[in-house]
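Participant: Here is what each chain is made of, one letter per residue.
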Amino acid sequence: MSRRVQPQSGADPGAPAPRRRGLLLGLAGALACPAISGAQARVLYINSQGGPWEAAARKHLFDPFTAKTGIEVKTAPGVTMAKFAVQARTKVYEFDIATVGAPSVVQGMNENLLEPVDFGLFNRAAVPADLVFENAVGNHAYGTNICFNTRKYPAGSITSWRDFWDVQRFPGSRSLGRTLSQTIVFALLADGVPKDKLYPIDLDRAFRSLDRIKQQVRVWWSTGPQIRQLLGDGEVDMGSVWHAHGTALRNGGAPVEIVWNEFTMDRTYWIVSRGTPRAGFAWEFINFALEPERNAGFCIDGFYGPLNPRAFDFITPEQAEAMPTNAKYAPHAVEFDGRRMGDVMTQASRRFERWLQS
Amino acid sequence: MRRGLPTWLLLLPAVAYLVLVFGVPLGNTFWMSISEPTLGLQNFETILTDPLYARVYLRTVLVAGTVTLLCLALGYPLAHYMARKGGLVAGLLLGACGLCFWISYLVRTYAWTVILGNRGPVTALARWLGMEQPPVLLFTTTASLIAMTHILLPYMVLTLYVVLARIDANLIRAAHIMGASHWQAFTGVVLPLSLPAVVSGCLLVFIFCVGFYVTPTLLGSPKDMMISSLIANEIETLLDFGSASALAMVLLAAVLVLLAAYDRLVGIDRIMR
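Residue numbers (the working numbering), protein chains in the order written: chain R, 1 to 358; chain S, 1 to 273.
Everything labelled a hint here was simulated from the structure, so no lab data went into it. A portion of the hints provided could be inaccurate.
Claimed, not checked - So these bits of chain R aren't anywhere near chain S, every CB distance computed over 12 Å:
no., residue
1, N110
2, L113
3, R124
4, S175
5, N251
6, K328
7, P331
Claimed, not checked - Derived, one-sided and incomplete: chain R residues facing chain S with beta-carbon distance under 7 Å:
no., residue
8, V79
9, T80
10, E111
11, R218
12, V219
13, W220
14, E235
15, D343
16, Q347
17, R354
18, L356
Keep in mind the model is a prediction, meaning the values are calculated, not measured. We treat Cβ as the ideally placed atom computed from N, Cα and C, and that holds for glycine.
Using the sequences provided together with the hints, build the complete structure.
Facilitator: Here it is in structure tokens:
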């Protein structure tokens, strides 16, 4: 795919949509989804990640939104960009909106899978300007941190990705994520790239760095519960861990330390599936979700960091301890350049599959 | 005399259903494999020339073949025992096999992570036996082979049992009367009669196994990549529907070749008997 779109605030949303290839999928899709025929009903379908995400969203976003507007919220499971692609092709919508990370936003924009923000409905004045993109609105963030077993290594001993890569000083088994946008950054940091010099991404250097730790990585995890179990059961001694799962482990009494240095901050955005007839409801909902009190409640229960700074008015300092958007962690956070990371993702992913085999 | 409806009409609902829910999506997948991103055979060219794909296909076939042989080695004696024993014992064993179908294979896969993990019974047993360094099983090829064999074994056992139970006991008795030993009766009578079931059981297990992906990903070593996880990656991560479709088409072709070989060897209609 060669179409590249700059994610910038308020860029021209009227750019012509490239014609999608005609497909027979429509018929098959229509048969597969008989439940989504009632276009008149005031319903919004939200792609849910299930678990704590859905519990927090149901309590702080869905139910209050329904109470306020009368629009019912239903969920559909399984967040993948592949579904956005299928929906944009078939015009059959299993869900209307989802929350995804920056690389997915860029991918969605490049592949023309997203609705542009409707500034007639979305109140851009209510949130900081850096949260609003042409086709996406930031909602919350999560950290990916080094977590290690404190029975194996002394507390406070591992503080950086350089340490994580140091198999002489810290022998033991490791696990890293298959989420390459994060793992590549860790590999570069471990190789001595300063965090403000990460871009443009040097893939050769990243893979050379990964070569050095390949033997110690027992598992390349792909889901949060997976790495939680691996670290909690002591199957691996350290890993890159989404902060919510590290927090949950520690709250559960596991001997685990979460390192708040050189953690990557993944901002998560609301996106709307291109062409959905319920886009109006979607923007109304996204407005609502970003109200400070809503944003705060969702992030407290869902173990995220709110992106609306005013949300911290509704968060206690103790609760903020485990939030990556906490101002005191800001100097240690590694922010993504979603567009420049997105540029190398396809190549990185293909290369990673080969690299694993070699 | 009134002529009845032509028999092919009776087939029409089933055929129409298959065409709609199977033929159309399959045709669509084929179309995507030669039309995305542009019309042509470039997707197939990449697959057939890139050593990565060849290696993963080969590994998939090797893993599926190993699992099939393991299932046969474990399943045949069990099915044979059940068929000869009959009665309550066979019923109980059959029930135990059937029970496996009620538990999702995902749950069974996760159960193996517990059993083989470093807090699991296997490690505990090794420690109890005095091993300083218990064998590392989890996240190895062995672990994924064990779990896949466990998941697919019931298919093999049930396929074999159905045929073995129908072998007339008088045939075996007759063999004994003619002076055959147990082994001779088995190799001369039971085994040849059960051969079609062996082939269809193997085929069933092999074809299921070729499509496995969650189990090797969760239990195997990072190198244990099956072709379906590569297909999933093409779609989920890369949104490359063209390559994914082409990969699926090549897999389908490989399985069809296998079926054709089976047809030549045994005859496809014998699966149904």
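Participant: Take the hints in turn and mark each one as holding or not.
Facilitator: Here is what the structure says about each hint:
| no. | hint | in the structure |
| --- | --- | --- |
| 1 | N110 | violated, 9 Å |
| 2 | L113 | violated, 9 Å |
| 3 | R124 | holds, 29 Å |
| 4 | S175 | violated, 10 Å |
| 5 | N251 | holds, 20 Å |
| 6 | K328 | holds, 34 Å |
| 7 | P331 | holds, 32 Å |
| 8 | V79 | violated, 10 Å |
| 9 | T80 | holds, 5 Å |
| 10 | E111 | holds, 6 Å |
| 11 | R218 | holds, 5 Å |
| 12 | V219 | holds, 6 Å |
| 13 | W220 | holds, 5 Å |
| 14 | E235 | holds, 6 Å |
| 15 | D343 | violated, 14 Å |
| 16 | Q347 | violated, 10 Å |
| 17 | R354 | holds, 5 Å |
| 18 | L356 | holds, 5 Å |
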